[in-house]
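Novice: Listed here are the chains, written in short residue letters.
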Amino acid sequence: MGAEIFRFTIDGIEVEASTGQSVIEACDAAGIYIPRLCHHPDLEPDGSCRLCTCKINGRNSAACVTPAAHGMVIENNTPQLTDDRRTIIEMLFVEGDHPCPYCVASGDCELQALGYRLGMVAPPQPYQWPGRKIDATHPDIYLDHDRCILCSRCIRASRMEDGKTVFAFEGRGIAMRLNVDAEGGLGDTQMAAIDKAASVCPVACIVIKRDSYRVPNGSRRFDKSPIGSEIEAKRKQVKS
Amino acid sequence: MRAKGTAAVESIVAEFAADRSRLLDIVEAVQRRSGYVSNEAIQAIASGLGIHPVEVEDMLSFYSFFDRQPRGRNRIRVSKTPVSFMKGAKEVARAFEEALGISVGGTSADGAFTLQWTSDIGMADQEPAALINGMILTGLTPRDVPQILTALRQEKIPPKAKVRSSLVQPGPLLSGLSAAGESIKAALARSPDKVIEEITNAKLRGRGGAGFPTGMKWRFTRKATGDEHYVVCNADEGEPGTFKDRVLLSEFPDLIFDGMTIAGYALGARHGLVYLRGEYAYMWNDLQEVLKTRRQLGLLGDNICGREGFDFDIRIQLGAGAYICGEESALLESLEGKRGAPRDRPPFPTERGYLHQPTAIDNVETYACAARIIEKGAAWFAGYGTKESTGTKLMSVSGDCPRPGVYEVSFGITVNELLDLLGASDASYVQMSGPSGQAVAPKDFGRRIAYEDLSTGGSTMIFGPQRDVLEVALQFADFFVEESCGYCTPCRVGTTLLKQGMEKIVSGRATLEDIAATEALANTVERMSRCGLGQTAPNPILSTMRNFPELYEARLAPTPFSPLVTLHDALREAVEIQGREPVAQEI
Chain Y
1 MGAEIFRFTI DGIEVEASTG QSVIEACDAA GIYIPRLCHH PDLEPDGSCR
51 LCTCKINGRN SAACVTPAAH GMVIENNTPQ LTDDRRTIIE MLFVEGDHPC
101 PYCVASGDCE LQALGYRLGM VAPPQPYQWP GRKIDATHPD IYLDHDRCIL
151 CSRCIRASRM EDGKTVFAFE GRGIAMRLNV DAEGGLGDTQ MAAIDKAASV
201 CPVACIVIKR DSYRVPNGSR RFDKSPIGSE IEAKRKQVKS
Chain C
1 MRAKGTAAVE SIVAEFAADR SRLLDIVEAV QRRSGYVSNE AIQAIASGLG
51 IHPVEVEDML SFYSFFDRQP RGRNRIRVSK TPVSFMKGAK EVARAFEEAL
101 GISVGGTSAD GAFTLQWTSD IGMADQEPAA LINGMILTGL TPRDVPQILT
151 ALRQEKIPPK AKVRSSLVQP GPLLSGLSAA GESIKAALAR SPDKVIEEIT
201 NAKLRGRGGA GFPTGMKWRF TRKATGDEHY VVCNADEGEP GTFKDRVLLS
251 EFPDLIFDGM TIAGYALGAR HGLVYLRGEY AYMWNDLQEV LKTRRQLGLL
301 GDNICGREGF DFDIRIQLGA GAYICGEESA LLESLEGKRG APRDRPPFPT
351 ERGYLHQPTA IDNVETYACA ARIIEKGAAW FAGYGTKEST GTKLMSVSGD
401 CPRPGVYEVS FGITVNELLD LLGASDASYV QMSGPSGQAV APKDFGRRIA
451 YEDLSTGGST MIFGPQRDVL EVALQFADFF VEESCGYCTP CRVGTTLLKQ
501 GMEKIVSGRA TLEDIAATEA LANTVERMSR CGLGQTAPNP ILSTMRNFPE
551 LYEARLAPTP FSPLVTLHDA LREAVEIQGR EPVAQEI
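Residue numbers (our numbering), protein chains in the order written: chain Y, 1 to 240; chain C, 1 to 587.
Keep in mind the hints are simulated off the structure, nothing from the lab.
Keep in mind that the hints are not guaranteed to be accurate.
Lysine-lysine pairs mimicking DSBU-like chemistry, simulated, CA-CA at most 35 Å apart [claimed, not checked]:
| id | chain 1 | residue 1 | chain 2 | residue 2 |
| --- | --- | --- | --- | --- |
| 1 | Y | K133 | C | K156 |
| 2 | C | K338 | Y | K164 |
| 3 | C | K4 | C | K156 |
| 4 | C | K4 | Y | K55 |
Kindly produce the complete structure, drawing on both the sequences and the hints.
Specialist: Shown next as structure tokens:
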């Protein structure tokens, strides 16, 4: 079985990887953070948000779906990529409705945290005001569709981890929406609050009821340190 | 009543052997039977296939030709493209609106008609055209509308339901053809490896526009291991302005099927699939007849041309209205009965394609070339064109020229030479290879049509001096909004933002800063999108900015700052809710 060990470089830093690892997995293990949004370590990669796009051997490719290979030369932290990634975050901010100051996820939200990390001030693009309906039919969970960023984490988690296929997409293009497996809404599906699908949402689309302010604002994950810090901390350990 | 409907759906599912990969066909059959796909039908399909209803909805909501709600018994879809607009499609649509008392998007009160716009239907040479209940009507004028509606009300064939043959200038590829199957016999005289070698020596490259060497693709596919190998013909000709595959499939179907069968022999494949765009459903019966005849002649089926063990057959898969399915990996997803979202590569289709098996996907025209190469030899083929772009190219010509149609030209021809040939020397620009291609300005008319210079899938839209370049770019931007699959953020959101940016520019409200912001956004969409659709969607904007900067300057807002919305727009919703206009003093 023995996985082959090989090396590639990212921003000039040499990284060790083994067969079967994606670029993002190898970099995570080495303590190098590549911004990402749809990617989740417990789920199969999707490559849909495009935030983890790096210049890999001269071509833009998403690091989460690109298998690591020997001798790859990767650019990650460049002004161009940071600009493009920030633009993608801005697109998501204007596509949905993301009122950080009064959102339940503030401080825990990966979209917000990436906005900070990538230096977004205010999105320059016009807001689209999608006006999607909230689904509060489930006793323990509500879905605020205006905050959905269509990352498909819940879709993948429900299908692969929970074995329920509660979620899928509906429509295409800018009209694409998250859909649930029942005409009557989430309350008529097999969804339970303890499902993996309920815990992987990077924003405040899937929210557990009566649980939102257990951890107060100011003490949340990204209130303390920027997103990606936990990955970068590994590199400091590796180095010291 | 409900039970009867469910029983009908169940029998449709059974007709496709409850095969999940045939979901597209199942939904298409239900839609054809009932005019829409009801919640009950979705439940019945899902339970018949052993999948979740949400998976059925995921697929069917992706395609333009499927409906969740009942619509008019007659579906009128008018082709919406810059070329159709210049030929009068808006006036035709208005005539339908007036005659039916509805707006585009609406259904008449008696439930008889639904009127819609649709993306380019492959009739750029005979616009204005419309797709009505699967029929194609061409060369429409507002005067035709009353008779069309009368005929539809009486369930008769409406006037103008005819697609004109438009092969204006055939060249070596489409002249002096031998009988069906001759090229297969020529292939069988060689080993499969020698067939691939011949294609490689001819330096044939993919005719869809990307130009990947066909011989290499076939070699990779043959070498890849799998339970089955598949030959797929990409007939999802959706690029606005192209229609040469329509001409090939309707006038030279045997040539295409010969080419696919040769590929089957070369790759060791037993199955061929043609993915035919839903707009071309009108060809379905004719193509099935051709396949039937070929089976009778021993050109398909078992032991083809008497060769023991050479078994190959072809199935046609009908699409359902999605431009993205022309992208090869999205096409494979669609073939497997899913939404047409592109796949990540690697793995490439040559390794893992249809049903995860090695698959060669080639353009319709590529198969025509392959058949001719095997029949006449690599040297004959390479005798035309340039060193890097051998052979000829079928150009779909439309717009401001005297004779729109298909022209077969040798690679290496300059745009100027082409325009002379078309009698369109006063063109102010040429949209080459469709909206995903380039707006070519007169200063570049000396460039050559070839993979090494101006690469093209063949769409050639000619715009005369009377046309508004930026208005056309806006219409193309709108096309990409309609056709983005939505999978990745930059394309899903970016195409909409780009269209809004262009609207501001065209309406004369954009500042220099706005134009720069639109350009920057276009560059991000190009760099960050996942597949070719998103990567090329900004082309109409970027190439016109590059080639016609003076036109953008001419539209600059008179004041350096112009708000995105006017006060009137901003208050519109409030005005609607309150049911009164604001009182002037209160503002």
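Novice: Looking back at the numbered hints, which does the structure fail to meet, lowest number first?
Specialist: 1 and 4
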